[in-house]
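There are 4 protein chains.
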Amino acid sequence: MSLTLEDRAASPVTTGRTGYRHASLTVRGKDRPGIVAAVGSVLGEHGANIVSLDQYSDDPQGGAFFQRTVFGLDHLGSALPAVGEDLRRRLDQDFELEFTLRDLSVPKRVAIFASKSDHCLLDLLWRHRRGQLPVTVAMVISNHPDAAEEVRSFGIPFFHVPSSGPDKSAAEAEHLRLLEGNVDFVVLARYMQILSADLIGRLGVPIINIHHSFLPAFVGAGPYAKAKERGVKLVGATAHYVTEHLDEGPIIEQDVVRVSHADTAAELQRRGADVERAVLTRAVQWHAEDRVIRHGNHTIVFA
Amino acid sequence: MSLTLEDRAASPVTTGRTGYRHASLTVRGKDRPGIVAAVGSVLGEHGANIVSLDQYSDDPQGGAFFQRTVFGLDHLGSALPAVGEDLRRRLDQDFELEFTLRDLSVPKRVAIFASKSDHCLLDLLWRHRRGQLPVTVAMVISNHPDAAEEVRSFGIPFFHVPSSGPDKSAAEAEHLRLLEGNVDFVVLARYMQILSADLIGRLGVPIINIHHSFLPAFVGAGPYAKAKERGVKLVGATAHYVTEHLDEGPIIEQDVVRVSHADTAAELQRRGADVERAVLTRAVQWHAEDRVIRHGNHTIVFA
Amino acid sequence: MSLTLEDRAASPVTTGRTGYRHASLTVRGKDRPGIVAAVGSVLGEHGANIVSLDQYSDDPQGGAFFQRTVFGLDHLGSALPAVGEDLRRRLDQDFELEFTLRDLSVPKRVAIFASKSDHCLLDLLWRHRRGQLPVTVAMVISNHPDAAEEVRSFGIPFFHVPSSGPDKSAAEAEHLRLLEGNVDFVVLARYMQILSADLIGRLGVPIINIHHSFLPAFVGAGPYAKAKERGVKLVGATAHYVTEHLDEGPIIEQDVVRVSHADTAAELQRRGADVERAVLTRAVQWHAEDRVIRHGNHTIVFA
Amino acid sequence: MSLTLEDRAASPVTTGRTGYRHASLTVRGKDRPGIVAAVGSVLGEHGANIVSLDQYSDDPQGGAFFQRTVFGLDHLGSALPAVGEDLRRRLDQDFELEFTLRDLSVPKRVAIFASKSDHCLLDLLWRHRRGQLPVTVAMVISNHPDAAEEVRSFGIPFFHVPSSGPDKSAAEAEHLRLLEGNVDFVVLARYMQILSADLIGRLGVPIINIHHSFLPAFVGAGPYAKAKERGVKLVGATAHYVTEHLDEGPIIEQDVVRVSHADTAAELQRRGADVERAVLTRAVQWHAEDRVIRHGNHTIVFA
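Protein chains in written order, with our numbering: chain G, 13 to 315; chain R, 13 to 315; chain H, 13 to 315; chain E, 13 to 315.
Everything labelled a hint here was simulated from the structure, so no lab data went into it. Glycine residues also receive a C-beta, built at the ideal position from the N, C-alpha and C atoms. Hints are not guaranteed to be accurate.
Some chain H residues near chain G, calculated using beta-carbon distances under 8 Å [stated by the list, open to error]:
#  : residue
1  : S64
2  : N194
3  : F197
4  : F226
5  : P228
6  : R242
7  : G243
8  : L246
9  : P262
10 : E265
11 : S272
12 : N309
13 : T311
14 : V313
With the hints as extra help, turn the sequences into a complete structure.
Shown next, in the form of structure tokens:
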């Protein structure tokens with residue numbers, strides 16, 4: 013069993029009233045009777061008020077169990093460690109489960125990677141400024157300097173880390189130096205460089221990528237040209253977690269838009285860009301709210 | 013607190029293996045801490061295996077609480093009364109809640125009302141024959157005799173109950189005689205007569221209607237002509253529970269389809285018909301699986 | 013230049029009023045200035061009333077040109093050959109174009125192939141009976157006998173042609189015998205056998221297939237199992253013309269439906285079936301109304 | 013017959029190669045045989061290369077006729093007046109038609125009105141900066157000063173025209189002074205003030221509004237609160253031309269997004285905002301490209 017307890021300084025913005033905040037609890041492991049009652053009674057003993065609860069079992073007879081609970085609690089910040097301790101004791105004793113407990117008033121810290129195309133990057137920054145994305149954007153990293161001024165106008169640090177040629181070790185060392193200890197996850201917002209397996213491993217935080225096609229159709233580069241070539245009637249986008257296997261990681265969200273013979277490859281790209289930003293935004297929001305649970309190469313999404 | 017315990021003879025088809033079946037429990041009432049633990053522990057004491065659990069509270073601070081749980085249990089048929097008894101005792105004692113407990117292997121019995129347009133009727137019968145609708149179609153009632161042969165070819169009783177003129181009391185008396193005690197809900201599948209408030213009250217079972225517009229746009233008759241007249245770019249359909257207030261009952265499901273200036277009113281109607289049957293089918297399926305909870309003039313849908 | 017003039021006995025049903033019917037003219041070839049005026053003036057000289065006109069050029073500077081015109085004409089049946097003759101003379105003289113001229117009041121004749129899954133077959137027959145598909149269903153051919161009674165209840169001939177094992181030559185000889193001269197196109201409505209290149213060539217009519225995935229994702233067999241395995245969030249269907257390259261022919265229409273982690277492979281299949289029948293119906297209708305023009309491995313669809 | 017010939021200084025950006033540009037011709041009036049040939053032959057005589065042609069007749073027997081043609085021409089700027097002259101002569105002589113001829117390389121000039129909500133405004137400015145909206149944004153006018161800095165960072169003039177209280181005559185006088193002669197159309201991008209019939213009449217240019225509901229459902233103010241109250245399962249947006257009858261003008265485009273019981277009115281508003289900006293963008297683009305023809309209280313959209 014693992015316990016991830018995050019309780020950094022709370023943002024006053026997302027706290028409803030003094031001392032009353034919400035936490036999320038995600039539980040995953042082997043399905044067995046009694047889990048709901050066990051979790052419910054621990055939360056009940058602490059006076060927690062369950063706001064929402066979603067649960068899924070991929071096979072009621074010995075399958076895998078997934079649960080997301082959001083609850084409120086007086087003096088959440090100081091009370092959460094004891095809740096975690098009791099959950100650990102109870103779930104360790106009777107079940108084979110992992111759980112994550114997190115104070116939702118503390119936004120996750122994210123770094124956004126971008127290249128020349130900035131529609132996904134700007135949509136994220138824009139929604140963030142409107143208070144629609146519950147994250148702290150710690151920094152933007154790009155292999156092109158173009159977006160520096162725009163990003164900084166949002167009050168967000170911008171770092172230009174050039175990355176050309178086959179040897180990316182210098183760039184990745186710089187990435188690691190900037191990111192280590194500073195972010196809870198990374199978003200590749202149309203970042204056109206491939207991260208090495210080494211960097212992915214050393215970062216040790218979830219990485220979300222937006223792929224500009226309806227995966228697994230049109231893996232790899234140039235999907236809109238391929239889509240035009242194949243004469244498809246819909247183009248799509250896919251947000252997925254990054255693994256060392258390119259375009260193969262667990263899918264978080266997908267969507268499509270209708271196109272026709274009259275759309276050129278450039279127009280497919282423009283229509284696709286709207287889908288890309290919408291899909292990536294949903295994936296980032298769901299991840300930030302602990303709505304996505306990874307399981308093998310799949311995701312459980314309690315949207 | 014009310015207890016609705018339905019346990020008619022189980023359909024062998026929907027029972028996974030001998031003695032092991034699923035039940036649904038829906039709970040609604042005033043939100044208070046501890047409900048989840050209370051429900052979970054009663055189910056746990058009976059050895060129930062919770063398969064899925066959905067929960068919603070419209071205001072964590074003293075709002076209304078809604079929960080749908082599906083669980084498996086050995087010898088469900090004989091065990092369910094005791095589960096109901098314990099739930100009643102526990103929920104009565106500590107909370108202000110209503111609940112419904114139902115053996116899901118016992119399909120709800122439905123009567124389908126139709127008039128001349130039979131696309132919704134036939135789609136329901138067709139899906140039912142394929143095993144996609146977990147209901148027993150007890151009968152079809154129509155104010156036109158046209159569909160008799162087709163309906164009976166599905167092995168389903170058809171009753172022609174003429175209903176013209178302002179005085180519908182004779183027809184409604186006949187409806188009551190046919191339906192009373194025989195059905196758990198009624199579906200108006202493009203039935204073009206208005207049911208009187210008296211009939212609705214005396215039937216005492218939920219009635220689902222399909223309205224051929226995206227309510228509240230185009231209430232009343234002739235919505236496709238009105239949609240053409242208004243030059244809308246989408247036409248829709250709405251499935252809702254019937255109340256004595258025409259076209260005003262709680263909405264269960266809605267959808268739309270894109271149309272253009274080039275579509276005539278007749279073409280709007282044809283495109284709309286596809287949406288109508290899809291929307292009605294979803295509403296009937298969700299109702300049959302206890303996924304819809306009425307609350308005031310709204311619905312909570314755990315789809 | 014080729015001329016395809018079809019003028020079989022007109023169906024009185026689709027003729028608006030005596031002697032007044034509609035024809036479609038599709039033109040394709042090298043784009044050059046003056047085509048619209050040339051076609052327009054030939055039609056004008058014959059007193060034709062153009063009802064709709066769609067046009068597309070994939071590159072205004074020397075690209076390919078596509079046009080679909082629908083026009084009305086008094087005494088269309090007897091007047092059409094002269095229109096065709098004049099078009100041929102005019103378009104031959106000044107342009108490099110092919111055209112097809114067809115009396116729309118004469119429905120195309122179609123054979124539908126099916127296997128055990130009958131949702132696509134029945135949706136086509138059902139819409140046809142309602143007058144929504146402007147085709148004559150000449151026959152249904154299946155490698156399973158199951159649907160015989162149902163198909164014949166629509167008044168349509170059913171032929172059971174078994175086709176198992178690697179050698180399909182006997183079955184295909186029977187197919188050819190049944191189809192030759194009797195149909196204008198063929199629809200594979202979830203027919204689970206592969207047609208040989210030889211049969212495709214000898215049939216010499218367009219063949220429309222419905223593939224149960226969003227091509228090019230999940231080519232080949234078992235796409236819903238593959239979709240579940242990959243954890244996609246949408247499943248789709250693709251209607252395409254059949255070529256000797258399996259799953260590679262020109263795409264006519266595609267659509268998708270949203271699914272979630274909670275859907276089993278069987279539920280993906282059930283949701284997918286609704287998309288399959290909708291997509292196939294649109295493709296068949298558009299083909300029947302001469303709205304689809306093949307160009308290389310693509311289609312131009314004037315929907 | 014009316015002739016609108018616009019030929020201001022061409023933007024070099026949208027001109028394919030020196031001297032070769034595109035024009036749009038929209039024709040509307042009483043349908044009669046021969047129109048296509050007449051238009052085609054005038055264009056042909058001038059050596060025009062027709063790039064696309066769309067046509068619609070609301071009744072082939074004496075209905076209304078609508079056509080949009082896009083054509084290329086060497087030295088378009090100097091050649092267009094003669095084309096217009098010949099069209100006028102020809103269409104005047106034989107038909108009852110109005111037409112508009114416009115050099116597409118000259119972007120229409122637009123003024124955008126906004127209030128506090130800036131999601132629609134910013135989406136338009138953003139797409140414009142990316143070269144995706146073929147317009148010249150002449151100015152932004154708002155009754156709030158908040159967006160001044162942001163708008164000016166796009167290099168676009170911003171004018172703050174306060175407009176509170178029942179008497180809007182001072183504000184509207186200012187509007188008129190700013191707009192007269194400077195714009196070809198106006199976009200109300202969530203402008204929360206009602207324009208008087210007098211202002212609409214004196215402006216004399218098309219005005220496009222975005223209404224935050226699927227009209228005619230939820231006309232007037234507060235549609236998201238009303239949608240929540242009614243328990244709808246979809247919320248939508250409508251772009252329409254403004255007439256003196258509030259929320260009653262010809263609809264250009266509509267779309268919807270799925271919502272659930274779990275969405276608060278604030279969340280409906282946030283989801284709806286995404287639909288609003290998408291719908292408004294499409295409407296503005298179509299209007300800018302002469303794809304929308306008004307007819308009575310409807311629109312013909314050749315999208």
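Hints versus structure:
1. S64: violated (16 Å)
2. N194: violated (30 Å)
3. F197: violated (19 Å)
4. F226: Given a least distance of 6 Å, the restraint on H:F226 holds.
5. P228: holds (5 Å)
6. R242: Where the cut-off is 8 Å and the nearest Cβ of chain G is about 6 Å from H:R242, the hint holds.
7. G243: Because about 4 Å separates H:G243 from the closest Cβ in chain G, which is inside the 8 Å limit, the hint holds.
8. L246: holds (5 Å)
9. P262: Hint holds; H:P262 Cβ to chain G Cβ min 6 Å, cut 8 Å.
10. E265: Holds. Min distance 6 Å.
11. S272: holds (7 Å)
12. N309: This hint holds: H:N309 lies near chain G, its Cβ roughly 6 Å from the closest one there, short of 8 Å.
13. T311: Since chain G brings a Cβ to about 6 Å from H:T311, closer than 8 Å, the hint holds.
14. V313: OK, holds: H:V313 within 8 Å of chain G, min 6 Å.
The structure is inconsistent with the numbered hints 1, 2, 3, although it conforms to all the rest.
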